[in-house]
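Engineer: If you want the building blocks of each chain, they are given just below.
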Amino acid sequence: MDARALAALAANPGCERRALLDGAGVNKAVLAQALGSSMSYGQSQFAFMRGNAFEARVKSDGGTELLRLLGVEDPAAARTPDVSAAGPEGRTARTALALREATAEKAWTLLDHPMLALEVAGTPAYLEPDAVVVHPDGRWTVVEIKSFPMLDGSADPAKVGAAARQAAVYVLALERVAEQVAGAEVGRSVLLVCPKDFSNLPTGSMVDVRKQRAVTVRQLKRMRGVAELASALPPGTTFDPSCEPSELVAAVEAVGAAYAPECLSACELAFHCRGRARTSGAVEALGRGVRGELGGLTTVSEVLDAAEGRAGDPSDPTVAALRRAAALRAEALRGAGV
Amino acid sequence: MSLIHTLARLEATRSGRAQPLATVRHRHLSERPMVVVPLTTAGEAGAPLGALVGTDRDSPRLLVVPQPRDRDLRFAFLAELAEAVLPYLDSYADDVEPAERNETDPETKKRVKVEVELCRDAPQIVVPSRAGIAYVRLLGRSMRFRRTAEQDPDTPYPAPPHIPLLGRWLTHYGERARVPGASLLLSATDLLARHWATGQSNLEDQHLGALLAWIDPPVGAESGAEAALRAESGRDAAGQLVCPPAGPATDPAFDNALLAPAIDAYDLARQRLAAAEDGETADERFGELTAAERRIRELLAAQMRPTWDAVWQALDVMRKLPEGVRAGERWTRDRWSYTSHRDRVRAGEPPQPRQDSAVGAAQKLASRETEQARLEAQEALDDPLVMATRRLAGEAFVSEVVDVEMAWSEGKRPSPRPLVTVTTDDLPQLGGGEKVHRSVDGKSQSAEFVERVGGGRLVLRVVNGMGRSKEPAPGSVPEVGDRICWTLFEHEPRGGAQLPDPEETPWTHGGPPDAAPDGVLLPERPDPVTPEDLL
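Protein chains in written order, with the numbering used here: chain A, 1 to 338; chain B, 339 to 873.
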């Protein structure tokens, strides 16, 4: 599971289906395809190439440009230890060692693609930030490189928000390492590097991620352990995509989902869950806010029956409001001859 | 979202067809709008891929950038775009009528009326979606600071003429689109979603194909939900979307499977042409290059054409609704906006700044707030269905007059202040002292809420709109039996106090804008350019 998936998971912590499938490392895209409701979820190769080219440019010359954005006077003197190793565990250990050394050295250090581990719902997730910079005073700063432009000093707020949520997950994982290192402190602001205006020149901005970090901490705590979720499954349940579709549907439906339209941009299974929500007439399929104003009424037919006077207790304020709304709407439509 | 809107969505879910959210059209539509369907390269900030442009639905003009990373090709595209759009924008500039405008006399500081020109109509641009509006702004920003060889002979990468001018116009249109109720630049999805509720969420309504599937489904379609699902995710045997996205972003599957190989073939053909050694080979290879370019044009045209048709279909659907009475008044403001920008361009003023000055930003914000209040009031007055949402919220009530008692104000010249007793089934949020408003012959009349009396009756004191004499003008006082819709909001909200001139910006807001020693404001510098820039 990568940081983007984790950040998305934190956005919908009530979804046990996603927690279980992600925690168990199930490939949801393949699963969705087997269920017959796959979504286009690929990345355009143009975007991919552009992202890689920009990151390579930012990190060229030992990260000179990047370190200059952080205000380093002599970027050429900065240390750039190698953190590659075999396997995620090896790389995580190597990263921790490099961070410890750099903090003891009290010198500017740039770690290119380090690896961090974070326990999510009882299983470790390995995360790979674009870069981490160690300051001489022992502060660690997460660097996030994105290829959307910063136009006249401001970037698309939705994209900055997504980047901040992602970076907050890295900050959280780094804090686990920093706890073991004397004199280390993880910066709660991250450096976001983007192309300036319409050029290829990098520009940076410090983004405060305290809020996103706090949200992620709370959501991760709320997530029930994968083991606990799995123990509630009927014995013999499997998410193997080569199974019969009907068997697979039963397996997926055995775990509760919390579908909301926001899932469409964050989860490969969203089409499947949306289809289910629509079939069962759940009002959440129309948006989270809709659910909020309808009180205890949860299905389309329940709400319409209450509004049209076939069911419901008129003394219930929700039912009373619905009937008033229905009467006003009908009156207006009648008056307009629609 | 109002409960009435939620209810409409639920009804749409049940019936499988979109349900009305409005009984009249709340946006003015031009007789001859220009539709622009832009496409952009994934991952690049300002690298357009192509566009369909035009005012004739049967013959759009196809503009294509065969290699979006090539600055010359992009400039050629923008020059062609300027050629397609600027004559349309200009065609409204000289058909004017005389009008009056209030201005502050610079010497006496008094408000005086000035005779000015107002364009009789204004050009209107329609894009498929909200993302299209953002893209128009982006294009405007990327073009307006470009320098042409004529403006600056030393500029390293001179832009073709007209590009900075088109940039200024697109910036103006993009900026105007942020004013509530303005119609110079419209998106088809926003237009449709304002007038219909579908059985899907707001997020899904951003997909033009899916939205139209609910509102104007193809003949013989099952339910809106199924048609919308097919529009969203239906793919052909080759894995391509049946209904391509409305852009400006393309579908990754299209990029990877079709566009990327075509662009590679084009690059190869260009290299081969450059390497040709004799005339005959060059001719042959030029043929290959033309074929490669034609292939890209066909691919992009096939991606954009369904969206182009969908925008026109959306306009057809919208035209079936009669225009709201007050939408015309808001269009007049759009005409003023167009005319004043025309004047700024003609006066040779510099392009819009990258960042607004403190006074300019405050003015924009204040005017948008006023326009928002005006839009909400006007839509409710034009449309009983919108008024129903205000009645549900307790911000308006329909009442019947049961008693009228004449009374007069105290003072030297008594004016009529009749007390009107009304009954209502609505639940207006009245505590005491609030003003309520009604519309009489298109003018607003106000009354004060006095008290609630037994049996759900309200007593109101009418305070204006009855003429100057002691006896109220005929027809200006409600009569017993009248059904009147009173609103708690003003019908013609007014803006706040005047803001200072830019030269008098207080130091708390950064002081006056930077000026050169001789007092002339410094123009914005063009964007720095480097050889590898994108746009």
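Quick caveat, the hints were computed from the structure, so don't treat them as lab data.
Backbone N, C-alpha and C define an ideal beta-carbon position, used for all residues, glycine too.
Treat the hints loosely; a few may be bogus.
[As the list claims (entries may be wrong)] Coverage of chain A stretches by chain B, computed from C-beta distances (three or more under 8 angstroms per stretch; other residues unrestricted):
{"#": "1", "stretch": "102 to 111"}
{"#": "2", "stretch": "123 to 133"}
[Claimed, not checked] Partial list, computed: chain A residues near chain B (C-beta under 10 angstroms):
{"#": "3", "residue": "35"}
{"#": "4", "residue": "47"}
{"#": "5", "residue": "70"}
{"#": "6", "residue": "149"}
{"#": "7", "residue": "151"}
{"#": "8", "residue": "242"}
{"#": "9", "residue": "244"}
{"#": "10", "residue": "246"}
{"#": "11", "residue": "248"}
{"#": "12", "residue": "264"}
{"#": "13", "residue": "307"}
{"#": "14", "residue": "309"}
{"#": "15", "residue": "310"}
{"#": "16", "residue": "321"}
{"#": "17", "residue": "322"}
[As the list claims (entries may be wrong)] A short list of chain A residues far from chain B (calculated; beta carbon distances all over 10 angstroms):
{"#": "18", "residue": "42"}
{"#": "19", "residue": "44"}
{"#": "20", "residue": "262"}
Engineer: Next step is simple, just say for each hint if it's right about the structure.
Structural biologist: How the hints compare with the structure:
1. Coverage of a stretch by a chain is defined here by at least three residues with a beta carbon nearer than 8 angstroms to that chain's beta carbons; for the stretch 102 to 111 of chain A and chain B the count is 0, and the condition is violated.
2. Only when three residues or more bring their CB closer than 8 angstroms to a CB of chain B does the claim for the stretch 123 to 133 of chain A stand; here the count is 0, and the claim is violated.
3. Interface hint at residue 35 (chain A): violated, since its Cβ lies 13 angstroms from the closest Cβ of chain B, which is beyond the 10 angstroms cut-off.
4. For the restraint placing residue 47 (chain A) at the interface with chain B, the shortest Cβ-Cβ distance is roughly 3 angstroms, inside the 10 angstroms limit, so the hint holds.
5. With its C-beta approaching chain B no nearer than about 22 angstroms, residue 70 (chain A) sits outside the 10 angstroms limit, and its interface hint is violated.
6. Here the hint on residue 149 (chain A) is kept, as its CB sits about 4 angstroms from the closest CB of chain B, short of 10 angstroms.
7. Checking residue 151 (chain A) against chain B: minimum C-beta separation of about 6 angstroms stays under 10 angstroms; hint holds.
8. Among the interface hints, the one on residue 242 (chain A) is violated; its C-beta lies about 21 angstroms from the nearest C-beta in chain B, farther than the 10 angstroms criterion.
9. With its C-beta approaching chain B no nearer than about 23 angstroms, residue 244 (chain A) sits outside the 10 angstroms limit, and its interface hint is violated.
10. The restraint placing residue 246 (chain A) at the interface with chain B is violated, with a minimum CB-CB distance near 21 angstroms, outside the 10 angstroms limit.
11. A distance limit of 10 angstroms between C-beta atoms decides the matter here; for residue 248 (chain A) the minimum to chain B is near 19 angstroms, and the interface restraint is violated.
12. Interface hint at residue 264 (chain A): satisfied, since its Cβ lies 6 angstroms from the closest Cβ of chain B, which is below the 10 angstroms cut-off.
13. At about 6 angstroms, the closest approach between the beta carbon of residue 307 (chain A) and any beta carbon in chain B falls short of 10 angstroms, and the interface hint on this residue holds.
14. The closest approach between the C-beta of residue 309 (chain A) and any C-beta of chain B is roughly 13 angstroms, which is over the 10 angstroms cut-off, so the hint fails.
15. The closest approach between the C-beta of residue 310 (chain A) and any C-beta of chain B is roughly 13 angstroms, which is over the 10 angstroms cut-off, so the hint fails.
16. Among the interface hints, the one on residue 321 (chain A) holds; its C-beta lies about 6 angstroms from the nearest C-beta in chain B, closer than the 10 angstroms criterion.
17. Annotation: residue 322 (chain A) was flagged as interfacial toward chain B, and the flag holds, the nearest CB pair being 7 angstroms apart, inside 10 angstroms.
18. Its beta-carbon lying about 4 angstroms from the closest one in chain B, residue 42 (chain A) breaks the requirement of being farther than 10 angstroms from that chain.
19. At the 10 angstroms boundary, the C-beta of residue 44 (chain A) falls inside the reach of chain B, the nearest C-beta of that chain being 4 angstroms off.
20. For residue 262 (chain A), the non-interface assignment is contradicted: its Cβ lies about 7 angstroms from the closest Cβ of chain B, within the 10 angstroms cut-off.
Figure legend: structure checked against the earlier numbered hints; hints not met, in rising order: 1, 2, 3, 5, 8, 9, 10, 11, 14, 15, 18, 19 and 20.
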